[in-house]
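S.K.: If you read the sequences in order, they're chains A and B. Counted from 1, the first sequence has number 378 at position 170 by my numbering; the numbering is strictly sequential. Counted from 1, the second sequence has number 1469 at position 201 by my numbering; the numbering is strictly sequential.
Treat the hints as calculated values from the structure; they're not laboratory data. Treat the hints with care, since some could be wrong.
Unchecked claim - List of simulated lysine to any residue pairs, SDA-like, C-alpha gap at most 20 Å:
1. B:Lys1899 / A:Gly289
2. B:Lys1417 / B:Ala1427
3. B:Lys1899 / A:Leu269
4. B:Lys1417 / B:Gly1825
5. B:Lys1899 / B:Asp1921
6. B:Lys1417 / B:Asp1644
Stated by the list, open to error - Distance windows between CB atoms, simulated:
7. B:Arg1311 / A:Asn224: 40 to 46 Å
8. B:Gly1406 / A:Gly277: 39 to 45 Å
9. A:Thr359 / B:Gly1786: 45 to 51 Å
10. B:Thr1381 / A:Arg355: 41 to 47 Å
11. B:Gly1339 / A:Arg355: 27 to 33 Å
12. A:Arg355 / B:Ile1676: 34 to 40 Å
13. A:Gly331 / B:Val1657: 50 to 56 Å
14. B:Gly1339 / A:Asn212: 48 to 54 Å
15. A:Arg355 / B:Gly1786: 48 to 54 Å
16. A:Thr359 / B:Arg1958: 41 to 47 Å
17. A:Gly331 / B:Asp1389: 38 to 44 Å
18. B:Glu1371 / A:Asp330: 56 to 62 Å
19. A:Asn224 / B:Thr1711: 46 to 52 Å
20. A:Asp330 / B:Gly1786: 52 to 58 Å
Claimed, not checked - Just so you have them, the derived chain B footprint on chain A, three or more residues with Cβ under 8 Å:
21. 308 to 314
22. 318 to 330
Every value quoted in this text rests on a predicted model; they were computed, and no experiment measured them. In this text, a Cβ means the ideal position worked out from N, Cα and C, and glycines have one as well.
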Amino acid sequence: MRVNVEVNGEQRTEDNVWEGESLLSLLRDRLGLPGAKNACEQGECGSCTVYLDGVPVCACLVAAGQAEGRSVRTVEGLADGDALHPVQQAFVEAGAVQCGFCTPGLLVATHDLLSRVSHPSDGEIREALAGNLCRCTGYEHILDAVRLAATRGGGRRDQEWRSPDRAGRPGAGAPRDTGDPECER
Amino acid sequence: MTTGLTRPDGPAKLTGTAHYAADADTSDALAAALVTTTVPNGRLTALHTADAEAAPGVVRVLTRADLPPLGELSTPPLGFPVPPLLEDTVHHEGEPIAVVLAETWEQARHAATLVRAEYADVTPAVPFGQAEDVVPHGGLVFGETDESKGDVTAGLAAADVSVTATYTTADRHHSPIEPHATLARWDGDQLVLHSSVQSVLFAQAALAALFGVPPENVRVFCPFVGGGFGCKGFVWPHIPLAAAAARVTGRPVKLVLTRAQMFTLAGHQPATRQTVSLGATSDGRLTALRHTSSNASAQLGDYCENTPHGSTWMYASPAIETSTRIQRLHRPGPTPMRSPHEGPGMFALESAMDELAHELGMDPVELRLRNEPEVDPLTGEPFSSRKLVECLREGARRFGWSERNPEIGSMRDGHELIGWGMAAATMDSPRSPSSARLRIDHTGHVVVETGMQEIGTGLPAMVQAVAAETLGCPPEDVAVRHGDSDFPPHTGTFGSMSTMGLGSAVRAAAESALEKLGAEPGDPLAGALAEAGLTELESEGRWSPEGGGMTRGRTGGYSIHTYGSIFVEVRVDPDLGLLRMSRAVGVYAGGRILNPLAARSQMIGGITWGYGQAVLEQSVFEPNLGRFLSKNLAGYIVPVNADIGEIDVSFVDDDDRVASAIGAKGIGELGAVGVSAAIANAVFHATGRRVRDLPIRIHHLLP
Ligand code: FES
Ligand code: FES
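Take these sequences, add in the hints, and give me the full structure.
M.R.: As structure tokens, this is what we get:
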């Protein structure tokens, strides 16, 4: 089948996609965007988290065909050219990155959290990131990074980014204030 | 040196441009999926591949008849001694029997489910504990299986107080977030591999030997590893299978293990059963220490978890006796896992020390202080540095240990029982050769190249810092290139030894560059090159421990180890049996700390890892099915962020120039040691229940 999907603001078309393929494979193996990682292939770890129409999803659980006509934003689309997004900057400064394999998913999850809740409590942070496993850091520096990003207004800049993207999309107009990423454990 | 070095690898990891093995460009590659045995033993009698061959996207299904001949090779570098697909004998459930090659990964995985296998002579797998204990042999036995000094039986008889107890630890899986992945490409008799490994050197040597080509014909790329914790140290079957498939089809082949295959084809930490006996005088001085152990091992390879090893250098005792055995079972091959040997072993020793302290009515910190040895208690050799006493005192101070009421169940917070427990930690210090190349161009820009892969420990930042410190230039002027077997070799990122070896090699390379230039540290490099009439300068640095090869901690007349203390607070809900670790304080002596930010993060990760060992992680082996039951991250529970309470990590000064030229030792595994004992000891303090079997589960604590 053919899949048309907007990825990081660019319209992409891919032919001969097999029905059994995941959005994750479409992004990684066909569209040259390996940022989102395959780690458990069944929604347990959050490493493959991307935005689908502004909602974080586990790309391993979404069929490629389900992305038809929709928009996807991946970790590759967070930075503004060479300038890291404040969330990314906070992760490196707080020492929240070790092997880095969980990092793309955590960045998207954090980015989403801060765009909904600009100053989350520790409880809200833990809840929002509960679906993202990290085997290296012990999480403490990741929490530090989220707090740091929040104090720098990591969420505000994101909403600016979102508004034009969301215009005219039914059901995707306002930042969500309830609900969880689809992939939470 | 600056505190909190910024990672040069940070931006790439944050923007998705750091390329891990599975990220290598695969537009022309076939995707491979393994078909594996569904029984633990017996014989494979037939394989039916027609349905799979007819499935969408499938190009070919490879079975034994299709494989090129493979050379023989030992374990290690192989993780499991039999090259895959070569025998009808089934050694364990999950062993590869065919490789499906298709245009996409999903198609290959789908078709792999359509291959049918027939087996004969299958019997239930004998579980651990029901087979004979035997003495292990071979390359997967690390250290001596039997060690002793003095007369332990006499020491126990002479003791005023003695304790003997048996402790068990569970089968555990490394479960790095990145699964194993290999992309193999042949060009004539040249093989290029992108593979997620903890040693490009091992992968290169192993593939060259298996395929009968010289090592220089095999080039291995692995700049980034998404975590390994031991499971990517040795060469597991998928790597030669990917290379064989690429050779047979003439196309590049990408083989990514599924999460389920990570539970059978990449090792695990085997279950152990250990017995510790301690005897002491009434004032708390040890008269005898005996620590025996047995672990679950596979049919082949004899992987031995040498849990009593640390007990031979921890405490001053006139009599010490250790022994370690294995049981050969039909199960996947175990392998070292953070933290091998001392990780499970110190659970037993440090629990037993707590039991002894309780019997003596003595504070557990004080008991350890009273048994601090001046020299290695087994060999009588000096310690290169040993700051355990400092760690114990500082840990007690930071934790507020003096406020502890020693009476069981005496500390409460409303409904919850509070327990305070502690343990000492130690790791052996294996060391191994390393090398690096350093180049300075006419602008003064420095590039360091090394075969080492970045596995998350921040080695590029360490290399940058050591080069900058030695040359006296700003760290930003130093770029680091890594993870390519064409670069100077580094043994591997395992055994907590990379910083010592590689850091020392980088320093040697930088010193040699200065010497060639006749320059002093801090001299502007561009100017020094111009003065010497050079546009570029290259130097190589090598470092190896005494003897030139890989060594363990007892070498060159010294006893070289790392130490620490861990203090924890647990909260137990007495009605529900719920256990939480609300607070932990870890103080470590692990040599000179080069990058405090990365080191702290490593130790927090280690304590979290130890928490997983203590209360969460267990792979249940089901004997009738002959397999690990839950081969996924939903059934194998690893810590999530909400599990983790407050963690305070610090280091005591420890500059060990015997261990390495830069004063560093290894810390990658130390943080995970002792945590499980400290938690079990805290649980005893809270509830009066002595849990000797890990993980500690609700049923241990229910009324
Ligand atoms: S790979 Fe999608 S949640 Fe783990
Ligand atoms: S940094 Fe390695 S898994 Fe999170």
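S.K.: CB of A:Gly331 to CB of B:Val1657, is that within 50 to 56 Å?
M.R.: violated, 40 Å
S.K.: Is B:Lys1417 close enough to B:Gly1825, meaning Cα to Cα at most 20 Å?
M.R.: holds, 18 Å
S.K.: Are A:Gly331 and B:Asp1389 spaced within 38 to 44 Å by their CB atoms?
M.R.: Since the Cβ atoms of A:Gly331 and B:Asp1389 sit about 56 Å apart, the hinted range of 38 to 44 Å is violated.
S.K.: Look at the Cβ atoms of B:Glu1371 and A:Asp330 and judge whether their distance stays inside 56 to 62 Å.
M.R.: About 47 Å separates the Cβ atoms of B:Glu1371 and A:Asp330, which means 56 to 62 Å is violated.
S.K.: Is it true that the C-beta distance of A:Arg355 to B:Gly1786 lies inside 48 to 54 Å, as the hint says?
M.R.: holds, 50 Å
S.K.: Against the range 52 to 58 Å, how does the distance between the Cβ atoms of A:Asp330 and B:Gly1786 compare: consistent or not?
M.R.: Holds - the Cβ-Cβ distance for A:Asp330 and B:Gly1786, about 56 Å, lies within 52 to 58 Å.
S.K.: So does A:Thr359 sit 45 to 51 Å from B:Gly1786, Cβ to Cβ?
M.R.: holds, 50 Å
S.K.: Between the region 308 to 314 of chain A and chain B, see if three or more residues pass the 8 Å beta-carbon test, and mark the coverage as holds or violated.
M.R.: holds (count 5)
S.K.: For the range 41 to 47 Å, tell me whether the beta carbons of A:Thr359 and B:Arg1958 fit it or not.
M.R.: holds, 45 Å
S.K.: Does B:Ala1427 sit within 20 Å of B:Lys1417, going by the straight-line distance between their CA atoms?
M.R.: Between B:Lys1417 and B:Ala1427 the Cα gap is close to 17 Å, so the pair holds against 20 Å.
S.K.: Does the alpha-carbon distance linking B:Lys1899 and B:Asp1921 stay inside the 20 Å limit?
M.R.: violated, 42 Å
S.K.: Run the distance test for B:Lys1417 versus B:Asp1644: straight-line Cα separation, threshold 20 Å.
M.R.: holds, 12 Å
When each numbered hint is compared with the structure, violations occur for hints 1, 5, 8, 11, 13, 17, 18 and 22.
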